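Enquirer: Letter by letter, the chains look like this.
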Amino acid sequence: MLSATVSILAVVLICCFLFDQGLPAMVEIGISDFITGTLWKPLEGHFGIFPMIIGSIYVTAGSIIFGVPIGLLCAVFMAKFCPQRLYRVMKPAIDLLAGIPSIVYGFFALMVIVPVMQDLTGTSGKGILTASIMLGIMILPTIISVSESAIRAVPESYYEGSLALGATHERSVFAATLPAAKSGIMAGVILGVGRAIGETMAVSMVAGNQAVIPQSITSGVRTMTANIILEMGYAGEGLHRGALIATAVVLFVFILIINISFSLLKRRGE
Amino acid sequence: MDYLKKHPLSFFLRLAVWASALLTAGVVIFLIGYILVQGVPNLTLPGLFAWEFTAENQSMMPAIINTVIMTVLTLLLAVPVGVFAAIYLVEYSKKGNRLVKLIRVTAETLSGIPSIVYGLFGYIVFVITLGWSYTLLSGIITLAIMILPLIIRTTEEALIAVPDSFREGSFGLGAGKLRTVFRIVLPSAVPGVLSGIILAIGRIVGESAALIFTAGTNPAIPGSLFSSASTLSVHLYTLLTEGLYTRQAYATAVVLLVMVIFINALSGMLAKKLWR
Chain A
1 MLSATVSILA VVLICCFLFD QGLPAMVEIG ISDFITGTLW KPLEGHFGIF
51 PMIIGSIYVT AGSIIFGVPI GLLCAVFMAK FCPQRLYRVM KPAIDLLAGI
101 PSIVYGFFAL MVIVPVMQDL TGTSGKGILT ASIMLGIMIL PTIISVSESA
151 IRAVPESYYE GSLALGATHE RSVFAATLPA AKSGIMAGVI LGVGRAIGET
201 MAVSMVAGNQ AVIPQSITSG VRTMTANIIL EMGYAGEGLH RGALIATAVV
251 LFVFILIINI SFSLLKRRGE
Chain B
1 MDYLKKHPLS FFLRLAVWAS ALLTAGVVIF LIGYILVQGV PNLTLPGLFA
51 WEFTAENQSM MPAIINTVIM TVLTLLLAVP VGVFAAIYLV EYSKKGNRLV
101 KLIRVTAETL SGIPSIVYGL FGYIVFVITL GWSYTLLSGI ITLAIMILPL
151 IIRTTEEALI AVPDSFREGS FGLGAGKLRT VFRIVLPSAV PGVLSGIILA
201 IGRIVGESAA LIFTAGTNPA IPGSLFSSAS TLSVHLYTLL TEGLYTRQAY
251 ATAVVLLVMV IFINALSGML AKKLWR
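Those protein sequences? They're chains A and B, same order as listed.
Residue numbering for the first sequence follows this note's numbering, beginning at 1 and increasing consecutively.
Residue numbering for the second sequence follows this note's numbering, beginning at 1 and increasing consecutively.
Everything labelled a hint here was simulated from the structure, so no lab data went into it.
Here the structure is a predicted model, which means the values were calculated and not measured.
Any given hint might turn out to be false.
Said to hold, decoys possible - Computed footprint of chain A on chain B; a stretch qualifies when at least three of its residues, placed anywhere within it, have a C-beta under 8 Å from a C-beta of chain A: (1) 104–112; (2) 164–174; (3) 206–215; (4) 247–260.
Heads up, the beta-carbon is just placed ideally off N, CA and C, and yes, glycines get one too.
Go ahead and model the full structure; you've got the sequences and the hints to work with.
Expert: Here you go:
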């Protein structure tokens with residue numbers, strides 16, 4: 001009983017401390033200036049995190065573009081196409097992909113994807129595109145495993161009914177089974193979005209980290225998470241630190257919205 | 001080819017499905033292969049496993065030891081709390097209880113919070129408010145809160161999977177509630193609980209964002225709970241941000257990866273045992 005309430009306590013504490021430390025700074029800067037301001041120059045007293053919010057959204061959207069189609073098709077493969085023998089190898093491999101620490105992903109992206117991008121685009125190689133590809137890989141296992149179980153949960157009779165009407169195996173899967181698994185698949189995508197938007201270390205290594213609104217998909221961005229990790233180390237007492245914590249508050253609100261939509265979807269699925 | 005002419009759409013769908021599966025498998029193999037191939041030769045760098053960290057050898061031995069200490073202590077803190085919480089949720093709470101709903105919601109929220117927010121929270125509470133500066137203990141408590149939802153959920157699932165006849169049999173023999181839960185139900189749920197713990201170990205080992213501003217980046221074996229200590233992941237991060245020690249970074253990544261693969265294999269084996 002006592003132990004059970006620890007999780008409540010933890011959430012309350014996290015909220016209290018974050019808001020307690022972040023909100024005063026936000027108010028001092030001015031909430032609208034803070035969220036919509038496009039200039040981030042802590043040393044000169046400009047604290048606008050709009051470029052970071054845009055950065056987070058761009059990078060997350062990019063990861064969806066790369067991760068979702070491949071993840072979804074791979075989930076279909078795992079559930080409906082995969083031979084039993086191959087499944088025994090594929091499943092642990094995908095689990096392993098989920099277990100690899102984010103720092104290793106960042107390292108890999110830095111060593112492999114960044115040089116390729118340098119050659120292809122002639123820029124520094126760090127930017128939205130690189131970060132998106134890497135995040136797309138990182139959210140693959142989440143999307144695959146959630147979608148796969150959603151597809152498996154669809155009654156076999158849907159598929160069989162479609163087959164009996166003369167449709168091919170592929171058409172039955174895509175036209176009868178997949179639509180029925182829609183809400184489960186959406187839940188997987190949302191979970192992936194949550195992971196992508198909260199990712200810190202890996203993104204800060206390959207996104208370039210310029211605190212300006214990006215001009216193209218190869219230019220560098222800074223996400224909210226990267227903003228915190230990059231400047232927390234040298235932000236002294238006062239407004240700068242407060243602004244960084246306030247960035248975390250904004251991030252927290254984003255995550256809460258994502259979580260709520262996830263549990264709503266789950267409830268509808270049941 | 002016959003299939004292509006008869007059902008072009010189906011053919012392309014099949015192609016797309018196989019292609020993405022191949023791509024995923026390719027990514028897994030390439031990622032692991034690349035790091036192993038690049039990293040294994042660097043494992044023989046002189047002094048890489050020396051006990052003392054110096055600027056010359058960039059030894060990862062202290063970081064490995066820190067990782068082990070951090071993991072053990074975090075588990076000591078989080079597992080009892082998590083397991084008891086799950087026992088309460090499954091065995092003692094009544095259905096539809098408001099408190100239970102609240103606990104579920106908060107645990108779900110906790111599991112969705114990104115690790116950087118945990119790190120910042122730990123930084124504010126332990127480093128600033130309590131004035132501990134970067135210490136092993138701040139890192140441990142932060143991580144314990146982070147893995148709590150994972151342990152609660154897996155333990156819950158394991159407890160629910162224990163058939164009711166076990167409980168009824170125990171009651172029938174005259175055992176009380178407490179004795180039933182701890183002597184009958186919990187032991188039969190052990191494999192499930194263990195697999196949750198192994199998942200948690202994986203998260204602790206791989207964590208970096210939550211630790212940089214709580215446990216710090218000092219690559220030395222800690223003297224006490226109140227000294228700074230970097231784990232392997234944090235060590236890799238510092239190596240990379242300094243940008244001078246790419247070969248050491250590869251070697252560190254290999255060790256980290258091998259640890260994770262080992263942990264995954266372990267949990268896979270346990271899961272298999274559970275299914276039988």
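Enquirer: Now look at each hint and say whether the structure bears it out.
Expert: To see whether the hints hold, each was checked on the structure:
For the stretch 104–112 of chain B, the proposed coverage by chain A is satisfied: 7 residues have a C-beta within less than 8 Å of a C-beta in that chain, meeting the threshold of three. With 0 residues having a Cβ less than 8 Å from any Cβ of chain A, the stretch 164–174 of chain B misses the three-residue criterion, and the hint is violated. Counting residues of the stretch 206–215 of chain B whose beta carbon lies closer than 8 Å to any beta carbon of chain A gives 6, which reaches the threshold of three, so the coverage claim holds. With 5 residues having a beta carbon nearer than 8 Å to a beta carbon of chain A, the stretch 247–260 of chain B meets the requirement of three or more and the stated coverage holds.
Of the hints listed earlier, the one the structure fails to meet is number 2.
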